[in-house]
Every structure is written in C-alpha cells, then in structure tokens.
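Quick note on UniProt numbering: the sequence shown kicks off at 1 and runs consecutively.
It is possible that some hints are incorrect.
Claimed, not checked - Subject to a maximum C-alpha distance of 20 Å in a straight line, what follows is the list of computed SDA-like cross-link-like pairs (lysine to any residue): (1) LYS30 with ALA98; (2) LYS205 with ALA181; (3) LYS34 with LYS205; (4) LYS34 with SER266; (5) LYS34 with SER267.
To be verified - Distance windows between CB atoms, simulated: (6) THR255 with LYS205: 35 to 41 Å; (7) TYR207 with GLU124: 43 to 49 Å; (8) PRO219 with THR255: 35 to 41 Å; (9) SER27 with GLU94: 18 to 24 Å; (10) GLU63 with ALA259: 39 to 45 Å; (11) GLY188 with ALA15: 41 to 47 Å; (12) GLU260 with TYR207: 25 to 31 Å; (13) PRO42 with SER190: 23 to 29 Å; (14) PRO134 with SER26: 32 to 38 Å; (15) THR255 with GLU123: 36 to 42 Å; (16) SER26 with GLY215: 18 to 24 Å.
Calculated directly from the structure, the hints in this document are not laboratory data.
Note that this is a predicted model, so its numbers are computed, not measured.
Think of the CB as a built atom: it goes at the ideal place given N, C-alpha and C, for glycine as much as any other residue.
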Amino acid sequence: MSTVPTSSLSARAVASWEDNAAYWDSSITKHGNKYWKRLQEPSLARLIGPSSSPNQKPDPNREYRALELATGNGLCARWLAHRGASVLATDACENMLALAKGHCEPGTVEESIRFRRVDVTSEEELGALAAEGPFDVVLLNMAAMDIADLAPLAKKLSSLLEVDGVFVATVLHPVFFTSNATRSIEVGYSPVTGECEIVRGKLIKEYMSVPPAVGIAIPGQPVKQVYFHRPIHELFGIFFNAGLVMDAMEELAFTEEDAEDDRIESSSNYTQLPAILSFRMRLP
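Start from the sequences and build out the full structure, keeping to the hints where you can.
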C-alpha cells in the first residue's frame with residue numbers, strides 16, 4: 001500500500017468508517033468501552049485539566065470552547081459538554097455524525113453540541129473552523145492512526161487555538177500496536193509453586209518505516225480499515241514543525257484488575273506494555 005497516493009488512502013479510510021460506523025457504535029456503545037473508561041477518559045481529564053471540569057466554577061464572563069475532531073459516535077463531545085464546554089464536534093463520516101447526534105439526550109447540555117462534517121486532511125475545511133474559534137481545547141481522541149495526513153491539522157492549529165489553549169490527542173501506541181507488533185504467550189509451571197504461569201510479550205520487527213496497513217478495530221466489523229503508522233518522533237515532529245510545543249505525555253496501560261482470564265491474548269492482559277499514547281501540545 002506504500003505506493004498508493006495519500007489522497008486515495010484517505011478516501012478509503014473514510015469510506016471504511018462509513019461502512020463500519022453502526023457496528024463500531026454497537027460495540028463501543030454510547031458510554032464507551034474499557035479503553036475509554038480505564039485509559040482514555042482518566043488521561044484526558046488530566047491533560048485537559050480543571051478548566052473544563054464539572055467541579056470547576058465556570059467564569060460567567062467567559063465561554064469555554066472545545067473543538068473535537070473525528071468525534072465518532074460523539075462520546076468525547078458529550079463528555080466535554082458535561083464538563084461545561086461549548087462543543088463543536090466534527091467528523092469526516094456522515095454515518096458517524098448521525099450516530100453522534102442520535103446519542104444526545106434531550107433536555108441536557110448534550111443538546112447544545114453542534115455537529116459538522118469536516119475532513120481533517122483538508123486545510124480548507126479546517127480553516128473554515130477558525131471563524132468559530134479560537135478554541136480552548138482541540139481534541140483528537142483515538143483517531144490519529146486513522147488519518148492519512150496530519151500536516152494540514154498541525155498547520156491550522158495556530159489559528160484554531162486560543163492563546164493559552166491546548167491540543168490534546170490519544171493514539172494507539174506506535175511501538176506496540178501500529179508497528180504490526182505480534183503477541184507472544186508462554187505457558188509454563190512454576191518449579192516453586194507448581195502453579196501455571198503465563199508470560200506475555202510483544203515482538204516488534206518493524207518500527208521506523210511501516211507502510212499503511214489494513215486491519216480491524218473490532219472483531220467482526222464489516223470491512224477492514226486503514227491504519228497509518230508513525231514512529232513517535234515523526235508523530236510529534238509533525239506538530240513541532242508547525243511551531244507547537246509539547247508539555248505533557250502519558251503512556252497508558254491496563255492493570256491486573258482489567259485482566260481477562262478467559263481471553264489470554266487480550267490486550268488488557270499486557271499490563272507492562274502500554275496500549276495508548278496520549279499527549280498535550282500548545283502554542284509557545
């Protein structure tokens with residue numbers, strides 16, 4: 001797939017999410033899955049900070065504005081709205097936007113969320129959002145690995161962000177996931193206790209240069225999607241080259257209480273290897 005034009009890969013990526021939207025939504029649900037509840041949400045709460053928190057008294061003279069890119073079924077948009085933000089949620093997929101709108105509960109702050117179709121690989125579409133900003137937070141949750149070209153977004157962040165605003169993103173960990181790492185499971189017995197011992201690891205054979213690849217997010221999804229791997233220095237470099245600076249980064253791993261004993265291959269059993277990378281950037 002490395003010889004396929006970026007524009008074609010981008011169109012294929014969006015089309016796959018159009019096809020998978022309903023299946024993905026039924027699996028993740030409007031309330032989020034284990035990845036959201038155990039890894040993403042706690043990290044986002046830390047990185048976005050108290051300025052968008054239900055426990056923080058809002059400044060009556062100031063509206064806290066949030067822009068979410070690649071909103072999916074609107075999970076993060078609703079989360080931000082309940083934290084007091086005025087939210088503009090966007091996605092390139094019409095089917096995802098329809099699901100997100102349908103999940104908004106009448107009579108709640110979720111009704112105030114605005115939705116718009118925006119392709120984050122389009123400078124023109126991103127530029128049009130600047131008129132509705134600047135935003136205190138621009139959020140890209142678990143979508144960077146699904147986007148063919150992040151340079152247009154990086155370039156436009158300076159016009160989208162408030163002076164003290166932040167860009168926060170989460171992504172499947174480049175080392176242990178999008179590198180096409182394979183899982184290894186060793187089953188043995190302790191010579192001391194006689195109990196069964198399971199040792200898990202991952203084998204990384206490629207990392208610096210991995211072409212776009214097809215894969216799945218959820219077993220059974222209708223069509224394969226396209227993943228875009230970027231080594232960590234390249235991922236961050238896209239935004240550094242656009243003038244942003246990073247002031248926070250977290251590597252998120254499951255713990256023993258998340259273990260799935262009936263699925264020894266489950267990612268939640270790999271407690272020493274992070275599943276997600278989260279980071280925060282801002283203007284200098």
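Hints, one by one, checked against the model:
1. LYS30 with ALA98: holds (13 Å)
2. LYS205 with ALA181: holds (7 Å)
3. LYS34 with LYS205: violated (28 Å)
4. LYS34 with SER266: holds (12 Å)
5. LYS34 with SER267: holds (11 Å)
6. THR255 with LYS205: 35 to 41 Å: violated (28 Å)
7. TYR207 with GLU124: 43 to 49 Å: The hinted range 43 to 49 Å is violated for TYR207 and GLU124, with Cβ atoms some 34 Å apart.
8. PRO219 with THR255: 35 to 41 Å: Given range 35 to 41 Å: violated, Cβ gap about 23 Å.
9. SER27 with GLU94: 18 to 24 Å: holds (20 Å)
10. GLU63 with ALA259: 39 to 45 Å: holds (43 Å)
11. GLY188 with ALA15: 41 to 47 Å: With Cβ atoms ~45 Å apart, the hint holds.
12. GLU260 with TYR207: 25 to 31 Å: Holds, since GLU260 and TYR207 (Cβ atoms, about 27 Å apart) stay within the stated range.
13. PRO42 with SER190: 23 to 29 Å: violated (33 Å)
14. PRO134 with SER26: 32 to 38 Å: The hint (32 to 38 Å, Cβ to Cβ) holds, given that PRO134 and SER26 are roughly 36 Å apart.
15. THR255 with GLU123: 36 to 42 Å: Since the Cβ atoms of THR255 and GLU123 sit about 41 Å apart, the hinted range of 36 to 42 Å holds.
16. SER26 with GLY215: 18 to 24 Å: holds (19 Å)
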